[in-house]
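Chain by chain, the residues:
There are 2 protein chains.
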Amino acid sequence: MNLRYDERLDGAIQRVDKATVLAALQRADATLEVLHEPEALRPFECDGLAAYRVAPLLVVLPSHLEQVAAVLRTCHALGVPVVARGAGTGLSGGALPLEHGVLLVMARFHRILGLDAEARVARVEPGVRNLAVSEAAAPHGLYYAPDPSSQIACSIGGNVAENAGGVHCLKYGLTVHNVLGVDVLTVEGERLAIGGEALDAPGFDLLALMHGSEGLLGVVTGVTLRLLPKPEVARVLLASFASVDAAAHAVGAILAAGIIPGGLEMMDNPAIRAAEAFVRAGYPVDAAAILLCELDGVEADVREDAARVRELLASAGAVEVREAADDAERARFWAGRKNAFPAVGRLSPDYYCMDGTIPKRELARVLDGIEVLSREHDLRVANVFHAGDGNLHPLILFDANAPGELKRAEALGGRILELCVAVGGSITGEHGVGREKINQMCAQFGEGELVAFHAIKAAFDEHGLLNPGKGVPTLNRCAEFGTMHVHRGAVAFPELERF
Amino acid sequence: MNLRYDERLDGAIQRVDKATVLAALQRADATLEVLHEPEALRPFECDGLAAYRVAPLLVVLPSHLEQVAAVLRTCHALGVPVVARGAGTGLSGGALPLEHGVLLVMARFHRILGLDAEARVARVEPGVRNLAVSEAAAPHGLYYAPDPSSQIACSIGGNVAENAGGVHCLKYGLTVHNVLGVDVLTVEGERLAIGGEALDAPGFDLLALMHGSEGLLGVVTGVTLRLLPKPEVARVLLASFASVDAAAHAVGAILAAGIIPGGLEMMDNPAIRAAEAFVRAGYPVDAAAILLCELDGVEADVREDAARVRELLASAGAVEVREAADDAERARFWAGRKNAFPAVGRLSPDYYCMDGTIPKRELARVLDGIEVLSREHDLRVANVFHAGDGNLHPLILFDANAPGELKRAEALGGRILELCVAVGGSITGEHGVGREKINQMCAQFGEGELVAFHAIKAAFDEHGLLNPGKGVPTLNRCAEFGTMHVHRGAVAFPELERF
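In the order they appear, the protein sequences are chains A and B.
For the first sequence, our numbering assigns the number 1 to the initial residue and increments by one for each residue that follows.
For the second sequence, our numbering assigns the number 1 to the initial residue and increments by one for each residue that follows.
Keep in mind that the hints were calculated from the coordinates and are not lab data.
Any given hint could turn out to be false.
In this list, chains with the same sequence are indistinguishable; a pair is considered to hold if it fits within one copy or across any two.
[Said to hold, decoys possible] Capping the alpha-carbon separation at 20 Å, the derived lysine to any residue pairs in SDA-like fashion look like this:
1. K230 / R308
2. K18 / Y52
3. K171 / R322
4. K230 / L255
5. K171 / E410
6. K171 / K230
7. K230 / A256
8. K407 / R15
9. K171 / L228
10. K18 / A335
11. K407 / A328
12. K171 / D350
13. K18 / L255
14. K171 / A107
15. K171 / E118
16. K230 / E329
17. K230 / A288
18. K171 / A277
19. K230 / A119
20. K171 / D286
21. K171 / G297
22. K407 / V319
23. K230 / G252
24. K230 / A257
25. K18 / L406
26. K407 / L22
27. K171 / R111
28. K230 / A253
29. K407 / N476
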């Protein structure tokens, strides 16, 4: 491996004087908007992971491609790091600024450049909101499938950077499965045109490589999206269970029957109560767990699948199965789930949203484990899952103003992710590694894989100027973080036997 | 970009004496089987692209992982290039040996290590045959979806290296969409464990990067495959058309209706006649084109879709639509298509199989273009397509013993691929670049993308020892090859206006 990536990644950033950077940027493009006053920088101090805050050296707001290239070339020449930011809704601190870095805000790239209904393709700038694509496609009977809960606000460029999912990704895939091509500027400001309309492209898979690369390899400046025909019908079943285990088994039974629901979501009692109190979704507040199962497609198929799912839910011990009577009720059922995070946020001053994945067969065991860890750390946890694809979102409730609680919440979060890795899962399903889970990467991967990541990073960005300190930990950091490396469940999680 | 990859890639390989390499390999592992006599090397001179033949320096046949690592470490230390080979069925010369390189034959890694029917996962060694996986999974009602025409012989490791497709990839995806994880040895013989059971993995997407990397980044030593439940029913419709255009329009109509067939294949008259003469599939030999449309899934759904497809075919001007009456006839319909290559091979002493992709809306125009080029080069072309995903397989008929015909066939093939690129397609759908299409990569990509490929190659293999001269052309080669760079159809194909 050709590992030339230096340790600057991890904080030892070169410090260039603010006035020098400002002057260089203004020289490069006199019309570029640059924010530099402390009060102007404040709104950009954090992304959706608000517990981490850093004011950037400068914020730039380019409005056309040549300005982005000028920013990159200028920063590259000065050795100043650059953090790209979309809508700032990310939950892992991927767009957290650097004190000595420039924050490159892509918000002004918000145009839908073209929509070809026949080819089912939309070409958009990276700042276009996720939901805006489906809105523009709706008159043609089409939509853009990935639907993160933040879809009203999050941008397509950010979706690519984090390889965003959503409640429908079990059936329709992640962002990478719904993007045909991206235009990228390298750290030197050079253009790369990646992907195309074919299923596969010759050469190494740069398209997949850019997805989920969290701004470490380049800056996305254009995206070609695949659109799908809107399903003829969609029906949602809401099943309540007297135990989380029973709900977990129902998930397995539905998938084993060969049914692929459009969405298959689980919530536990604290999450149900919080959502119900917040949006009045009509959830049964006494249930230990609920499943939301959406079936979509052509009428006959959906009818048949719905009947089969009802049987399976009953066999798995569902206490009650209800079906949304109309579109309004269907929207309400989903609103509870999609607002689960802010809903839980009302239960306690702060919450910390985790994002681990596990093999589905481990669901019940991991939930038991989370309960044990929750008691040990003396913090409540509400659980929301993309059950169908084994993606957990435990929400840890805490009070940042209570001495020691933030630290305890972080510790609990770390333990939960390590538990996910120990059973053969991973530390992030769809929220990315960002700044938040940089230490857990040391649990997820061995030295070989980390070296490969660094070699790829070095191939694109030798001096580590693009979003340093995110996504991939240095080997030094992993040596310090110490603990264990568990891989594919092969090495034991010390406490796992208790669960 | 950190471009350190040197030009050795393209032929200026270091030459190490055969006896020295042999002695070093025997020292590294006395039990390793090494072939070195000329007659023992002869069977390994080519892969499925038999027009290119080179006897390797040595052939090694390791039978366990540590031997593969020993071969890689030894060759790395000596600076000797290594070409990995699976079953040798590849059609682009990806496993073509190097005169001064070691051929690493993975044929002895042919064990299915485990099959978890509940999790729908199989863990296999790379030398396992594609079809053997489905055979092992059949008792559980499962199968492995990608089905290249060579599936009876081709190996899973080779499928990963070339990101193989098949007639069902429109609905079920390419190899990359059906593989959950790979174990890889680097050029230094270090192990990488890539992927897992989750939809997405943290870090850069090494799994996608390895797929289609044609042995340039590492050697695959283990593969975890996703298995699918066998569809309840499958029905095949055979439609004949009086013109290729009409058949092309029918393809568009079926997809526009939101139907995703399990397979949607087109053959033109020369291909139909050849297949019929060879396997008696029951094809209408006077049709200008036929479509084979397979619908699979649950009974009710398939019945409804089949009725709708019949209507669409009729509206598009199908002269006749027949449905396979039983499994035997269904197998016959497919046998004609799957044996189209050898069937066409009976029409002329040699044939040259191309593998381009195009946007589906360009199908009729590109077929007209191929006809014009065929006349200009005075060579017959039979056409077979994965119509549903725009993947063309023009088969150029020629006689290698007739002076100048091979050269003319290669020239025609090159022009056909450039035509594909000019309309926004690509030079390979599923057969890979290998040795064969190295020049066409210069037409497909600009300098920026090629530099990115080289940077990635250098990250994994700084000295260019893994399969040099395949997959990615040097910038020097592209400068020599000259011609045009056409990208996303933006630059005109000089002759395109005629079509």
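Now for the hints, and whether the structure bears them out:
1. K230 / R308: Cα proximity of K230 and R308: across copies only (18 Å, versus 23 Å in one copy).
2. K18 / Y52: Neither, since 22 Å and 60 Å both go past 20 Å.
3. K171 / R322: Intra 22 Å, inter 32 Å, cutoff 20 Å: neither.
4. K230 / L255: between (23 Å within a copy, 14 Å between copies)
5. K171 / E410: Close neither inside one copy (32 Å) nor across copies (43 Å); limit 20 Å.
6. K171 / K230: both (14 Å within a copy, 18 Å between copies)
7. K230 / A256: Between copies only: 12 Å across chains, 26 Å inside a chain, cut-off 20 Å.
8. K407 / R15: The answer is neither: 29 Å in one copy and 59 Å across copies each exceed 20 Å.
9. K171 / L228: Close inside one copy (12 Å) and across copies (14 Å); limit 20 Å.
10. K18 / A335: For K18 and A335, neither the intra-copy (45 Å) nor the inter-copy (70 Å) Cα distance is at most 20 Å.
11. K407 / A328: Neither, since 42 Å and 67 Å both go past 20 Å.
12. K171 / D350: neither (32 Å within a copy, 44 Å between copies)
13. K18 / L255: So K18 and L255 fail the 20 Å test inside a copy (56 Å) and across (55 Å) alike.
14. K171 / A107: neither (30 Å within a copy, 36 Å between copies)
15. K171 / E118: between (23 Å within a copy, 19 Å between copies)
16. K230 / E329: Within one copy only: 19 Å inside a chain, 35 Å across chains, cut-off 20 Å.
17. K230 / A288: Intra 33 Å, inter 35 Å, cutoff 20 Å: neither.
18. K171 / A277: So K171 and A277 fail the 20 Å test inside a copy (30 Å) and across (42 Å) alike.
19. K230 / A119: within (15 Å within a copy, 30 Å between copies)
20. K171 / D286: neither (30 Å within a copy, 42 Å between copies)
21. K171 / G297: Both. Shortest intra-copy (11 Å) and inter-copy (15 Å) distances satisfy the 20 Å Cα cut-off.
22. K407 / V319: Neither way: K407 and V319 sit 39 Å apart in one copy and 73 Å across, limit 20 Å.
23. K230 / G252: between (27 Å within a copy, 18 Å between copies)
24. K230 / A257: This pair counts as between: shortest inter-copy Cα distance 11 Å, intra-copy 24 Å.
25. K18 / L406: neither (32 Å within a copy, 64 Å between copies)
26. K407 / L22: neither (37 Å within a copy, 59 Å between copies)
27. K171 / R111: neither (28 Å within a copy, 32 Å between copies)
28. K230 / A253: between (27 Å within a copy, 17 Å between copies)
29. K407 / N476: Intra 23 Å, inter 56 Å, cutoff 20 Å: neither.
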